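S.K.: Single-letter residue listing:
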Amino acid sequence: MRNQNRKLRAPAIHVGDLVQRIMILLMVFWFLIFLIMPMLLMFGQIFSDDHGNWVGLKNFTDYFQNPLLLSSIGHSLSVSFFTATVSTFIGLLYAYGVTRTGIKWKKLYQYLALIPIFIPTMVHGMALIYLFGKTGIVTNYLNINIGLYGKTGIIMALTVYCLPQAYMILSVALDNADNRLYEAAEVMGSSPARTFFRVTLPSIRYGLINSFIVCFTMSFTDFGAPEVVGGSFSVLATDIYRQVVGQQKMSMGAVVGVILTIPALISFLIDLMMKKKNERNELSSKAVAFQPKASKSRDRFYQLYCSLVVLCFLILIGTVALSAFVNVWPYDMSFTWKHFNFGAALHGTGVISFVNSFKLALGTAALGTILVFTFAYLIEKGKTFRRLSGICRFLSMMPMALPGLVLGLGYIMFFNKPWIEIPFLHIAVENSFSGLYGTFVIMIFCTIIHLFSVTYVTASTALKKLDREYENVAESMSVPFWKVFFRVSLPMSINAILEIFIYFFVNAMVTVSAVVFLYTAASKPASIAILNMDDNGDYAAAAAMSILIFLINVSVRTIYELVNAVLVKKLDRWKIKST
Amino acid sequence: MTESKEAFLEVKHIRKTYGKFTALEEINLTIHKGDFVCMLGPSGCGKTTLLRIIAGLEAPTEGQVFIQGKDVTKLPPGKRNFGIVFQSYALFPNMTVRENIAFGLKKKKLTKKEMEEKIRNVLDQVNLADQIDKYPAQLSGGQQQRIALARALVVSPDFLLLDEPLSALDAKVRLKVRKEIRSLQQRLGITTIMVTHDQEEALTMADQIVVMNNACIMQQGTPVEVYDQPNNPFVADFIGSINFFQTDIRTNANLTTDKSLMEKLTEHQENIKACRPEDIEIVQKKSLNSFNVLVHDIEFHGYGYRLWLDLGESENALVNNDYISVDMSADELASLGIRKGDEISIRFKRGKLHYFHQTKKQANA
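Sequence order for the protein chains is S and G.
For what it's worth, my numbering labels the leading residue of the first sequence as 1, then goes sequentially.
For what it's worth, my numbering labels the leading residue of the second sequence as 1, then goes sequentially.
Looking at chain G on its own, in the form it has when it is part of the complex:
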């Protein structure tokens, strides 16, 4: 999907340490022109540091950054031609929206008219042309966010850096601004790198997701790739919800279980197995490829029910939960007539059972 595009930004062998603390370890990354890339990871994983190194606000301990094939590692931020939106927006509180946006334009020798035109244009892009004479404090969080975006865009940057731009917003506003940023990015076709810890944000907005943890890149791929084919338990767990289990479930298998599945289970009997809740279906008892489980509990979740299933194994049956979770709609539950304590059969959808080595090394179904 991305092969045809040219590489826009490359990060090579980046390492960053603060004293004894390693913030980034051997980071290699290629970002293609026009892509919306999300750097996703828990707090403290190094994603913001990586963004700041790309911006030139921090110097890497080792390694290089290339923009359009040119080594920019030693270039100051101003020479890299990007726009940046910080988590706090960093709008100048003592300047109006107009003055804020004009701040970066002052350097380019523009006439008053040209400047005003540019400001109007960019404000139209973010639909805030009517707020031009207000101070940041008079705007809502979402509006401030878009003004920060406008200020970053007005200098016509080559690429855009967003540092957790949505985290300070209310949940509802966040959804709205998320859509706006994405559609603006697509309209302008501007290469964008966004740092976030919110997996839903990353999944819905990004062309490419870079999952990071403990100073390392864990996986890079399209949202579908990282969701459906996680490289390691961390990625599988961090994005979406997933059931891990270690127990050898061959004893729970019905006699009809097919040979190839059985072989795989045998081969991976020591490994961690994982399956997302939506990839587990409830089937007729003793049907093909099914496993017998006990219904431990049923939780109401509004949109439907979550079933907690007991594999019948005692200790350490599961890695992350005590029981396997499966989601189903209210209608489905009613028609199947499942109750707490029932014995039912489940089946993992074809190809959706993942196997991971204990050492977190790559392993896949």
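If we strip away everything but chain S, and leave its shape as in the complex, we get:
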């Protein structure tokens, strides 16, 4: 009986099946090389010294005996807690104004809220310095010194950096309102405050927690803002950089990396748990769209509030823009183009950096989109190797729990080693991937992995919406799966694909943490160049470079919006009518 059983289990292999199997194996292999191996080596490093000798827990005892390093944990925690609380609160009011009131120019507020995501995080810090720093205009002309450098500055910069995320998460949560509930509350004579606390708040609870943990993790792992405005106030992210780049202490860097990963890992787990719970909370298909009641005083408040937030964003980016076009901020405010030459700064490598960044962003976006969408298809719609696909689904979500710095550190440790020693066995295997070290390709792959989880969720959500039977229809007609992929799944998911592409592009353009350990002189991206210029005191050149990044991102985003508008019209024809 068992024997017969096994025979039946082995399904007949045909071409489509075979191709799918090979693709799934390639996917596993890709994850193995670009995610699992670097992480294994990175976590292995914490038990060994910089020469690769086993030292047990010595690195940890060293770490916990160093009061300077230890203080960073507290710093990081308090900064992140503040930032997450403040961003979530400001973001909640902003999102409420845009989704639940009758204010004007809602579309405009939606777009302007995204401004901070188009520039690297340290630029927010730089803008704050131009305003509130030692030579800032507020400090010098208004004589107000807010004591920017240190905790205050980091929290301010990170809040700006986190706000778009908080706003996006919360507006999605607030958008999912069922008007029937509000009508029921009204009919029962519930006061607006009571309705807010008993109906609105519970329905966005998941969004609030999610916004908090996302902002917390983002601030905890961010490197750019503390590097620029932190002064002597050290956080974990700057420690790891100093240990690895400054002092070449790989093992200590790895220890800090592990500590840096803990909150991300915890929020990853909380997120997983909440997702399961939140499924029950999802709106029924019969939900009626929310209609805000007329209220002039409320609308006036939110109009003012949203305008203020947007004004802050505009002032910050405006300051950066202005400083890029004047001779010497803030003393000689005459107009000049000279900072865009990048001649003096960094020995004239500025232009190259900009081209590098563009190449990095384009490469990441193109390759990343293909990989993410193909992988999501194999995982969601594949018919073979289901267990392997399940593992890959988990691996796709894993980068969410890994800070960019930690990934980058893992990449040096894996790709920089010509030989990989297998612990306890005294066997060394030649590492045929070490050739990738210092190349452009490795930066692209690291950035793709760094941004993988968010894009994967987008792709798999789009694919899950497609009827599972499409593949079965094709199979029943002997049509291979890739035909369904190219002729149905791909065109039907074109919105999601564009979204993934733009996400990769914009984020690769501004990322620092994923590439800070991996670039070489020839492949240095603009975000790193900004950091170097800032370090060297070439503030104007750094501002000029930031503005270039901002402009590129905004124009790519604008093209995306235009293409999307055309596509939406086309897709409308295909929309499945509910029967």
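Since the hints were made in silico from the structure, they are not lab data.
All figures in this text were calculated on a predicted structure; none of them were measured in a lab.
Treat the hints with caution; some may be incorrect.
Unchecked claim - Within a straight-line C-alpha distance of at most 20 Å, the following computed SDA-like cross-link-like pairs (lysine to any residue) qualify: (1) G/Lys109 with S/Arg487; (2) G/Lys106 with S/Ile103; (3) S/Lys570 with G/Lys134; (4) S/Lys383 with G/Thr48; (5) S/Lys570 with G/Gly78; (6) S/Lys381 with G/Gln246; (7) S/Lys107 with S/Lys381; (8) S/Lys383 with G/Gly78; (9) S/Lys293 with S/Ile103; (10) S/Lys569 with G/Ala137; (11) G/Lys79 with G/Gln68; (12) S/Lys276 with S/Ile209.
What the hints assert, rightly or not - Some chain G residues near chain S, calculated using beta-carbon distances under 10 Å: (13) Asn81; (14) Phe86; (15) Arg120; (16) Ala137.
Beta carbons: idealized from backbone N, C-alpha and C, even for Gly.
Using the hints, position chain G against chain S.
M.R.: Below, chain G alone, put in the same frame as chain S:
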């Protein structure tokens, strides 16, 4: 009736488990060429799983599937040469009707002209030739359903599989499409297996009905067979309406009740007895083979009345209802002058009283 036909599809000892859950248990089934077979059962009974195993979309845990005598258990779906219509139709929304139907034809090396001809032909069959350039979203549910059927038929399959093809349609459209599918099937003479949970659909469309419940086949037969001679209480209850009663009704019997009926009632006094509402007639008081009952309630149903009759027994008198139901026309009710609370006599039509063992084992009148 079916003996003369050759067996087209055979399912032997099929078992399917998902972990600890058993979806199908020891399924044996023979389907004859040209038959329209309905697999009927409540949701979760395994009927769709069986269909998917026949299609090759799922692999059975044990057992084999034969098509025209050939073991196809390990053959991929594409090699089994069938057409399939899914519950959701699964029409590709981004393709026109023409492109949808052409999808499966691409593989067969046809010239453009031949392909167009085939598409036109099959669209004529489903009376939708004028919709050829529309997208699925522009069609009504019934039209989408027929396009899905056309797409399944265009590759000239040996047999057709329909997975609850009508369940997404409005009640009125459903009646229309039901007729169309049946007449198309008869015109083409194509062997068809349809999964449904709607007993009326099965009764009106099928040549053979396979009633399933709890991963097992409960009964297979023509619609008349499964309706008139249900093998077990499940089939009797699932198809049509029926009165079950356990009580020993000999005390209600009139003195004139004949011997053979009395013997049977005695023999089956512990068993469940069942009779369909239309097989109960109201007769003159104390006439032959009749039983005395009380009229508990009279309900108006538009087309007529339903009487709820009390057997006079207290607890557990009936298994499925509290009272026995009998249908009658308004005229009949008026002429008999029956009112609530009256005592009347009923008679079970000859041979229409079924007996089932408590253990659901086969037992029949």
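S.K.: Taking the hints in turn, state whether each one holds.
M.R.: Going down the list of hints, with the structure as the test:
The hinted pair formed by lysine 109 of chain G and arginine 487 of chain S meets the criterion: a straight-line CA distance of about 19 Å does not exceed 20 Å. For the hint pairing lysine 106 of chain G with isoleucine 103 of chain S, the CA-to-CA distance comes to about 54 Å; that exceeds 20 Å, so the pair is violated. Annotation: proposed proximity of lysine 570 of chain S to lysine 134 of chain G holds, straight-line Cα distance about 14 Å (limit 20 Å). Of the pairs offered as hints, the one joining lysine 383 of chain S and threonine 48 of chain G holds, with about 18 Å between alpha carbons and a cut-off of 20 Å not exceeded.
A hinted pair counts as satisfied when its Cα atoms are at most 20 Å apart, and lysine 570 of chain S with glycine 78 of chain G does not qualify at roughly 32 Å. A distance of roughly 52 Å separates the Cα atoms of lysine 381 of chain S and glutamine 246 of chain G; the hinted pair therefore is violated under the 20 Å criterion. Between lysine 107 of chain S and lysine 381 of chain S the alpha-carbon distance is near 36 Å, which puts this suggested pair outside the 20 Å criterion. Straight-line distance between C-alpha atoms of lysine 383 of chain S and glycine 78 of chain G comes to about 14 Å, which keeps the hinted pair within the 20 Å bound.
At roughly 12 Å between alpha-carbon atoms, lysine 293 of chain S and isoleucine 103 of chain S fall within 20 Å of each other, so this suggested pair holds. In summary, the hint linking lysine 569 of chain S to alanine 137 of chain G is supported, as the alpha carbons are separated by about 14 Å, within the 20 Å threshold. Using a Cα cut-off of 20 Å, the hinted pair lysine 79 of chain G and glutamine 68 of chain G holds, with the two alpha carbons roughly 13 Å apart. Distance hint between lysine 276 of chain S and isoleucine 209 of chain S is fulfilled; the C-alpha atoms sit about 14 Å from each other, no more than 20 Å.
With 10 Å as the threshold, the beta carbon of asparagine 81 of chain G comes within range of chain S, its nearest partner Cβ sitting at about 9 Å, so the hint holds. This hint holds: phenylalanine 86 of chain G has a C-beta 4 Å from the nearest C-beta of chain S, less than the 10 Å allowed. A hinted interface residue such as arginine 120 of chain G counts as satisfied when its beta carbon comes closer than 10 Å to some beta carbon of chain S; here the least separation is about 19 Å, so the hint is violated. Annotation: alanine 137 of chain G was flagged as interfacial toward chain S, and the flag holds, the nearest CB pair being 5 Å apart, inside 10 Å.
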